[in-house]
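Undergrad: Residues per chain are reported as follows:
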Amino acid sequence: MLVLYGQKLSSRLLLGTALYPSPAVMADAVKASGTEIVTVSLRRETAGGKSGGQFWSLIQSLGVRVLPNTAGCHSVSEAVATARMAREVFGTDWIKLEVIGNHDTLQPDVFGLVEAARILASEGFEVFPYTTDDLVVAERLLDAGCKLLMPWCAPIGSARGPQNPDALRSLRGHFPGVPLIVDAGIGRPSHAASVMELGYDAVLLNTAVAKAGDPVAMASAFGKAVEAGREAYCAGLLEPRDMAVPSTPMIGMAAFS
Amino acid sequence: MKLIVNGQSHEVAAATLAALLVELDFRGSWLATALNGDVVQAKERDRCWLTEGDRIEILSPMKGG
Numbered sequence: 001m002l003v004l005y006g007q008k009l010s011s012r013l014l015l016g017t018a019l020y021p022s023p024a025v026m027a028d029a030v031k032a033s034g035t036e037i038v039t040v041s042l043r044r045e046t047a048g049g050k051s052g053g054q055f056w057s058l059i060q061s062l063g064v065r066v067l068p069n070t071a072g073c074h075s076v077s078e079a080v081a082t083a084r085m086a087r088e089v090f091g092t093d094w095i096k097l098e099v100i101g102n103h104d105t106l107q108p109d110v111f112g113l114v115e116a117a118r119i120l121a122s123e124g125f126e127v128f129p130y131t132t133d134d135l136v137v138a139e140r141l142l143d144a145g146c147k148l149l150m151p152w153c154a155p156i157g158s159a160r161g162p163q164n165p166d167a168l169r170s171l172r173g174h175f176p177g178v179p180l181i182v183d184a185g186i187g188r189p190s191h192a193a194s195v196m197e198l199g200y201d202a203v204l205l206n207t208a209v210a211k212a213g214d215p216v217a218m219a220s221a222f223g224k225a226v227e228a229g230r231e232a233y234c235a236g237l238l239e240p241r242d243m244a245v246p247s248t249p250m251i252g253m254a255a256f257s
Numbered sequence: 001m002k003l004i005v006n007g008q009s010h011e012v013a014a015a016t017l018a019a020l021l022v023e024l025d026f027r028g029s030w031l032a033t034a035l036n037g038d039v040v041q042a043k044e045r046d047r048c049w050l051t052e053g054d055r056i057e058i059l060s061p062m063k064g065g
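Residue numbers (this note's numbering), protein chains in the order written: chain A, 1 to 257; chain B, 1 to 65.
These aren't lab readings, by the way, just hints derived from the structure by calculation.
Any given hint might turn out to be false.
Chain A regions said to be covered by chain B (calculated; three or more residues, Cβ under 8 Å) [said to hold, decoys possible]:
hint, segment
1, 10-18
2, 47-61
3, 69-77
4, 88-102
5, 147-155
We put the beta carbon where it would ideally sit given N, CA and C, even for glycine.
Looking at chain B on its own, in the form it has when it is part of the complex (with noise of 0.2 Å):
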C-alpha cells in the first residue's frame, strides 16, 4: 500500500498507524500523529486503520520561540 508520510512517498505493509510506525522505525512516547488532517492520539494508533493514498504526519518536540 502506498502512503504519504511527512510529504514523502512511502510503500508500506502496516495495516494501521501503530504498525506503520514500528515498520518505519518511529520510536518514542514524544511523537505526535495525525491522519489526513485529523490527529491520532497514541492510545487510538492500533485501531487507526490505513488506506492506499493516505497522508500522515508524525511530528516530535522542536525548539521553537
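One chain only, chain A, in its complex shape (with noise of 0.2 Å):
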C-alpha cells in the first residue's frame, strides 16, 4: 500500500483538476480513474466573484484529499507566500512544491525549489517538491525535509513521455525507501505503466487525461494501466536479453529426415 506523509492510499494515480473541457467531466475523469488525490491551486479572485467558491464545492463533493500546488511561482518568496495562503484555504499541510525556472521549458529552478523547501519544511508543511532527474538535486530535497520526490520524466504538457528512463532507474536505486513520484510529461497509459514498472510508487498527471478526446476513458485507462504497471514491478520483470531463447521444450522434437 502507497503511503505518503502517513497518509495509506490504495490509488497510485494523482490526477491534476485543470484543462478539463468542463467541470462536470473533471468531476467523472476524477471518479473513473481511481485517485485519491487531486491537485488544485489557487488565484486571484475578481470581486463579486462565486468561482472559487463553487469549484471548491464540487472538489470537496468528490471525497478525495487535495495537493494543492504553488505552479507558475517563479520565486521562492512567491512559492513561499503561495503554500501559506494554500494551508489556510485547503486546510492541509500538503503542498505540491513548485519553483519554475525556465518559461520555455517550465523546468524547476532546482536551486530555488530545495530552498523554498526547507523553509516550508520547517514550518511543518509536507513537502511534494517538483524536480528534475538528477539525483544531486534530489538528495538536496531529501536533506531540506522532503519525504517523497516528484521527479518529471519530459517537460509539462509535452506528453513524451519517460525522457531518460536510465536516471528514473538511478533515483529508484538510490532512495529505495522514498515514496518516487513521477510528475509531468506522461502522455499515454503505456508511460505510466513504464515508469511504474521501474518501480516507481505512483504517477501524477494532468493533461493527457484532461486534453483526451474522451477524458472520462482515458482517467479509466490510466488507472488501469498505473495497476498493471505495478503489479509487473512486484511480479519481478523478466531482463532483456541479448539473444533468442526457445520458449517451447526442444526435448522431444520430432525427427523427419
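Quick one: dock chain against chain with the hints and give me the complex.
TA: Here you go:
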C-alpha cells in the first residue's frame, strides 16, 4: 500500500483538475480514474466572484484529498507565500512545490526549489517537490526535509513520456525507501505503466487525461495502466536478453529426415 | 486611501483588511489573503490595519495540475 506522509492510499494515480472541457467532465474523470488525490491551485479572485467557491465545493464533493500546488511561481518568496495561503484555504499541510526556472521548458529552478522546500518543511509543511531527475538535487531535497520526490519524466504538458529512463532508474536505486512519484511529461497509459514498472510508487498527471478525446475513458485507462505497471514490477520483470531463447521445449522434437 | 488589490489600484474607505473585503464585495470562507507579501489569516483580518499604498492579494481555489 502506498503511504505518503503517513497517509495510506490504495490508488497510485494522482490527477490534476485543470484543462478539462467542463467541471462535470473533470469530476467524472476523477471518479473513473480511481484516484484519491487531486491537485488544485490558488489564483486571484474577482470582486463579487464565486467561481473559487463553486470549484472548491465541487472538489469537496468528490471525497478525495487535495494537494495544493504553487504552479506558476518563479521565485522562492512567491512559492512560499502561495504555500502558506494554500494551507489557510485548503486546510492541509501538503504542498506540491513548484518553483519554475524557465518559461519555455517550465523546468524547475532546482536551487530555488531546495531553498523553498527547506523553509516550508521547517514550518511543518509536507512538501511534494516537483523536480528534475537529477540525483544530487534529489539528495538536497531530502536533506531539506522532503520525505518524497516528484521528478519529471518530460516537460509539463509535453506528453513525450520518459526521456531519460536511466536517470529515473538511478533515483529508484539510490532511494529505495523514498516514495517516488513521476510528475509531468506522461502522455499515454503505456508511459505511466513503464515508469511504474521501474518501481516508481505513483504517477501524477493532468493534461494527458484532460485533453484526451474522451477524458473520462482516458482517466479509467490510466488507472488501469498504473495498476498494471505496479503489479508487473512486484511480480518481477524478465530482463532483456541478447539472444533468442526458445520458449517451447526442444526435447521430444520429431525427426523427419 | 489608495491600495493595490490583486494588482489593480483602488480608492477605498476601509481601514482594515476585513472591512476592505466587505467594501469590495469579496465574500466566502474559501478566500486567502496576503498583505505586502505576508499571509493574513481570516481570523486576523479585522485587526489587520491598512495604510496608503499597501498591496493586497485575495486568492481563491482554482483548478490546477
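Undergrad: Now tell me, hint by hint, if it's right for this structure.
TA: The hints, checked one at a time:
1. 10-18: Held - the segment 10-18 of chain A has 3 residues with a Cβ nearer than 8 Å to chain B, which meets the minimum of three.
2. 47-61: Coverage by chain B holds here, the residue count being 10 at a Cβ distance below 8 Å.
3. 69-77: holds (count 3)
4. 88-102: It holds, with 3 qualifying residues against the three required.
5. 147-155: With 0 residues in contact (Cβ-Cβ under 8 Å with chain B), the coverage given for the segment 147-155 of chain A is violated.
In summary, the structure is inconsistent with hint 5 from the numbered list given earlier, while agreeing with all the others.
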